[in-house]
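So the protein lines, in turn, are chains A and B.
Residues 45 to 946 (this note's numbering) make up the first sequence, in order.
Residues 6 to 239 (this note's numbering) make up the second sequence, in order.
Any given hint could be a false lead.
Stated by the list, open to error - Chain B side only, calculated, beta carbon under 8 Å to chain A, not exhaustive: (1) Ala47; (2) Thr152; (3) Val197; (4) Gln198; (5) Arg201; (6) Arg205; (7) Thr216; (8) Pro218; (9) Gly226.
To be verified - With a straight-line cut-off of 30 Å between C-alpha atoms, the simulated DSBU-like cross-links for lysine-lysine are: (10) A:Lys783 with B:Lys163; (11) A:Lys120 with A:Lys144; (12) B:Lys109 with A:Lys840; (13) A:Lys239 with A:Lys120; (14) A:Lys130 with A:Lys144; (15) A:Lys783 with B:Lys109; (16) B:Lys53 with B:Lys30; (17) A:Lys167 with A:Lys144; (18) B:Lys109 with B:Lys163; (19) A:Lys409 with A:Lys367; (20) B:Lys53 with A:Lys742; (21) A:Lys367 with A:Lys167.
As the list claims (entries may be wrong) - Output of the computed footprint for chain B on chain A, the stretches with three or more beta carbons under 8 Å from beta carbons of chain B: (22) 371-377; (23) 782-792; (24) 808-819; (25) 824-836.
FYI, nobody ran anything at the bench for these hints, they're computed from the structure.
All C-beta atoms, glycine included, are put in the ideal place defined by N, C-alpha and C.
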Amino acid sequence: MPDREARPSPEALLDAARQEGRGRLKIFLGAAPGVGKTYAMLLSAQAKRREGIDVVVGIVETHGRRETEALLDELKVIPRREVEYKTHRLTEMDIDAILKRRPQLLLVDELAHTNAPGSRHLKRYLDVEELIAAGIDVFTTLNIQHVESLNDVIARITRIRVRETVPDSILDQADDIEIVDLAPDDLIQRLRDGKVYVPHQAERAVRHYFQPGNLTALRELALRRTAQRVDDQLLSHMRAHAIAGPWPAGDRVLVCISEAGNTPGLIRYARRTADRLHAPWTALSVETARTAHLNDQQRDRIADHLRLAERLGASTITIPGRKIADEIIGYARANNITQIVIGKSGRSRWFEIMHGSVVHDLVRKTGAISVHVVSAETDEASAARQVTTRRQPASFPLASYAGSAGAVLVAVGIGSLVERFIGLQSISLVFLMGVLCCAIAWGLWPALLASLASALAFNFFFIPPLYTFTIADPENVVSLFFFALVAVIVSNLTAATRAQIISARAGAKTTAELYAFSRKLAGIGALDDLLWATAFQVSSMLKSSTVLLLPERDADSLALASAYPPEDRLDEADMAAARWCWEHGSPTGRGSDTLPGGKWLFLPLRTGSGTVGIIGIERPGTGPLLTPDERRLLDALADQVAVAIERISLARGLAEARVLTETERLRAALLTSISHDLRTPLASILGSVSSLRSYADKYDAADRDELLATLEGEAERLNRFVGNLLDMTRLEAGGIELKLDLTDAAEIVGTVLERAGSVLAQHRVEVSLMPDLPMLRLDPILFEQVLFNLLDNAAKYAPAGSRIDLVARHDGDVVAIDVIDEGPGIPPDDLERIFDKFYRVQAQDRQRAGTGLGLAICRGFIEAQGGNITARNRRDRLGAVLTLRIPVPDASEIREPMAANG
Amino acid sequence: MANSYTVLVVDDEPGILRFVRASLKAVGHAVVTADNAAGALALLATEKPDVVILDLGLPDRSGFDVITEIRRRSQVPIIVLSARGDERSKVQALDLGADDYIAKPFGMAELMARIRAALRHRFQAQGEMPAFVSGDLAVDLVRRHVTRAGQEVKLSPKEFELLRHLVAHAGKVLTHRHLLREVWGPAQADEVQYLRVFIRGLRQKLEPDPTRPTHILTELGVGYRLQLPPEQRA
């Protein structure tokens, strides 16, 4: 097919045509906020401006960054449009003003932005699409996390889901993508320096986001997405310019799939080749006239092979065509394939002379493409038939045969009517018409019947001598013979076409359903939802009962995970079949080779990394369960589900792994903490006691007192530490039993001051409670512990003799309690981390040992009670402020005792 | 308190028995000890102690059983030793008839104060103390007259009733339920927030600094205690 590749492909030309008259879109793509996208965009824009291009700013957010603002200075800015929304006054890009002004190049920041309600478009990218369509070039900025298809992945990596997304198509539409890249460490440094704009309320979340691990992953995603996009661009350029491949743009491997038993070996070979070359690979199956005549078994095998390739990471494609070799070469050239893997033919020399050899053709015609002719072992497991399928319900509807007979009768009638006007020979055309109609309406066999009946009727009614089956004229014998021949051929051809149409239609329907299903699966994040959707879908597509079994978390036993119609158990025999299926990864149960007597048929849900679960189906009746088409459909569904299950479990595995490392880190910190914090007071206690014992008579009263005070103090400290450890353990184990009661916070302040008396002995504590604080829904014991830990913490870090303020105020719908000290304050980087377990602000010499648990407990306890805790530094002087906020309960909750008692 | 009393200490922790016995002997009390419930109940019969100090965690029977058993035979004051943070068992012990509790670990001074408060009530159980004077606070129960630093304090009837109960059991912890039942009636026994509101009111009227109460002390999660005057504490 040399002519095909010399012509640009029509789609590519259409795309190019669509671009005419449109503005060009350039996206400055960043891995995370703060990498400097806006800055890069403005720099580029300045360069354009110097070239004399009319550059105008549609909307740019500088977030007060001075370098960025400086770049903005010399550019013309279209004033923003003001939008009233509720009580707010929002500003948006004024798209009408821009269209009126018609600049050559427009700058639009933050492509993923959602417009204020009442704007023309819901989203800013829609504004941009309109502007491009109007012929305006646009520069815009985008963070990778806003790209729709990556949203899920990124949410899993960063544990933050962004709601504003742009469709992937906008990236594909872009004429240019420029990656604005910054190494994670540099970015974190920028964040520390306050150079990254962080919305105030999201501060904590954002800080969490800026972890080196997250940033590396985001950066990789951004680079990969751009690389992919560049590759697409290359391909479309090639197609548009009809340049015959391959271009040296990295390898691509193609493996040719057939029903032959050695195909799995080929596929694995291709996979290894692709791995070695770090190349993408494709599995191609060509449907020719020959494949149309394959039996169901062989067709199943082709489908199996395609699935195997898919599991191993290939993209798969089936194309129709006449000559296999030509189709392969055509596809390979059009898709820039560099390596073709094909099996060594097992056919005889004679067969090859007659039919030609695909391998020879390929080797002769491929030119620059390497062809690997592989002799792979026949894969017995694959060649062996694993599931017997039911025959397609052979329809033998009498109606269609009666219809055929009727059609012949009608033809006889019409024939006798027109006999007078046209010649005898032309009547055969009337009969042919009848045969054709039968073939279209009912298929091959009724049409053949009609052919036979027509030949007989033609002879009987029209060929002299009339009303006999004898034929006088030899010429008529010949014409009847040719009539019969033509009728049979027409029946055959028409019926074949009909069968193709029917199967294509069924195929299209199945494809549509599968596609809808896969989209549904992609949107599901929870395993239970996924399983339920699957059971339901399979049941409704196959009209069967469906169960899904997954391995239990701990052992290798299976458990019923979902079923439609809902069912909670399978009987012992069926479970045994399911287990066998799980252990051996091959179909089991009804209609299969193993335990074929069961009610259910179980199929493994397999992915590239193994079996992830079992799907079972059941229908009333006995014998094989599925037709070949249904079997193929089920396999296709099973593959999608397997991948979806794997996706979800991988995400979960990742989360668990993260928890595990966190636990490891904590365990280490705990050991350090215990060895230090338990031993230090114990050392003092043992020391004081042994001194008293040995030298009691040598000490005077003052010395003895001092030692005793040490003993007492250290024992109390030890007691507090143990208390903290216990509290932490309770928090960790989820063993906090809340006893929430309407409580007078002032009362608790009173008790805590009493209890903390010895801890606060060195400090001046000023209490200032707003009068008439509302009652709060609190657990008094836990809340007292929170306050105690806060005071203890303040006393630990603030120098002796300094003042600690405890201030409570009623502020809207919360009561806020501040504990304010005059200590050194908290390093800005630690403001959030001080609430982490075992985290201690870098110790200075004079500090008293802390356990690093107190504030973590505060946070755990206060959050359990529905409040929160934050830390900041004092503005007026050195010192830290720790603030508790507890929501004020609804007025209806507080019953007025006065009213109840008069 | 120059008088000498017999104290029964029940705990299975030898270390605790040792230091409690030593300290009590040092102030002149007679001490008998048991490290299990059976021994404790036997000593109760033979030694007729004036006060019992009882650990809730005993090897042979639950401390709550022991309280019930003691109460069946005797009105001897019981002071329970319990772990800090376990407010539920404190309340349960008090409801079963214990007189007071002290959380482990505890200091000896604290234990002595509790014992004195318990003994004080044992010998005054028959008649209510007509007057209570602590610092600048004076309560005359007979004339229903309350003064702070010589100034009369106006109390509502419920407030006075509440104060009367606290004064009658001065030095002892009274559970929320107990106070609610006595002052508001059994039907209101669970309305702890009533109590909180009234206590807040009383403190505003009686305490020099309501944020740091010195008379009406909160036992978090358990109840309230009217602090004895300093001279009776020491």
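Results of checking the hints against the structure:
1. Hint on alanine 47 of chain B is violated. Least Cβ distance to chain A is approximately 34 Å, over the 8 Å limit.
2. At about 23 Å, the closest approach between the beta carbon of threonine 152 of chain B and any beta carbon in chain A exceeds 8 Å, and the interface hint on this residue is violated.
3. The beta carbon of valine 197 of chain B is positioned within 8 Å of a beta carbon in chain A (closest approach about 6 Å), and the interface hint is therefore held.
4. Hint status for glutamine 198 of chain B: holds, given a least beta-carbon distance of 4 Å to chain A, under 8 Å.
5. Interface hint status for arginine 201 of chain B: upheld, as the beta-carbon distance to the closest one in chain A is roughly 5 Å, under 8 Å.
6. Below 8 Å, beta-carbon pairs count as interface contacts, and arginine 205 of chain B has one with chain A at about 6 Å; its hint therefore holds.
7. Taking 8 Å as the C-beta cut-off, the interface hint given for threonine 216 of chain B holds, the closest approach to chain A being about 5 Å.
8. A least Cβ separation of about 5 Å between proline 218 of chain B and chain A falls short of the 8 Å threshold, and the interface hint therefore holds.
9. Below 8 Å, beta-carbon pairs count as interface contacts, and glycine 226 of chain B has one with chain A at about 5 Å; its hint therefore holds.
10. The hinted pair formed by lysine 783 of chain A and lysine 163 of chain B meets the criterion: a straight-line CA distance of about 27 Å does not exceed 30 Å.
11. The suggested pairing of lysine 120 of chain A with lysine 144 of chain A holds, with an alpha-carbon distance near 15 Å, which does not exceed 30 Å.
12. With a CA separation close to 25 Å, the supplied pair lysine 109 of chain B and lysine 840 of chain A stays within the 30 Å bound.
13. About 25 Å separates the Cα atoms of lysine 239 of chain A and lysine 120 of chain A, which keeps this hinted pair within 30 Å; it holds.
14. Our distance criterion of 30 Å between C-alpha atoms is met by lysine 130 of chain A and lysine 144 of chain A, whose separation comes to about 29 Å.
15. Between the alpha carbons of lysine 783 of chain A and lysine 109 of chain B the distance comes to roughly 22 Å, so the proposed pair stays at or under 30 Å and holds.
16. For the proposed pair lysine 53 of chain B and lysine 30 of chain B, the alpha carbon gap of about 17 Å is at most 30 Å, so the pair holds.
17. Proximity of lysine 167 of chain A to lysine 144 of chain A is assessed by CA-CA distance (about 20 Å); at most 30 Å being required, the pair is judged to hold.
18. A hinted pair counts as satisfied when its Cα atoms are at most 30 Å apart, and lysine 109 of chain B with lysine 163 of chain B does not qualify at roughly 35 Å.
19. In summary, the hint linking lysine 409 of chain A to lysine 367 of chain A is supported, as the alpha carbons are separated by about 13 Å, within the 30 Å threshold.
20. Between lysine 53 of chain B and lysine 742 of chain A the CA atoms are separated by roughly 43 Å; this puts the pair beyond 30 Å, and the hint is violated.
21. Simply put, lysine 367 of chain A and lysine 167 of chain A have alpha-carbon atoms about 49 Å apart, too far for the 30 Å limit, and the pair is violated.
22. Chain B is given as covering the region 371-377 of chain A, and this is violated because 0 residues of the stretch bring a CB closer than 8 Å to a CB of that chain, at least three being needed.
23. Figure legend: the region 782-792 of chain A, annotated as covered by chain B; annotation consistent (8 residues with Cβ-Cβ distances under 8 Å, at least 3 required).
24. Three residues within the 8 Å Cβ limit are the bar, and the region 808-819 of chain A against chain B gives 3, so the coverage statement holds.
25. Counting residues of the region 824-836 of chain A whose beta carbon lies closer than 8 Å to any beta carbon of chain B gives 3, which meets the minimum of three for the stated coverage.
Comparing the model with each numbered hint stated earlier shows that hints 1, 2, 18, 20, 21 and 22 do not hold.
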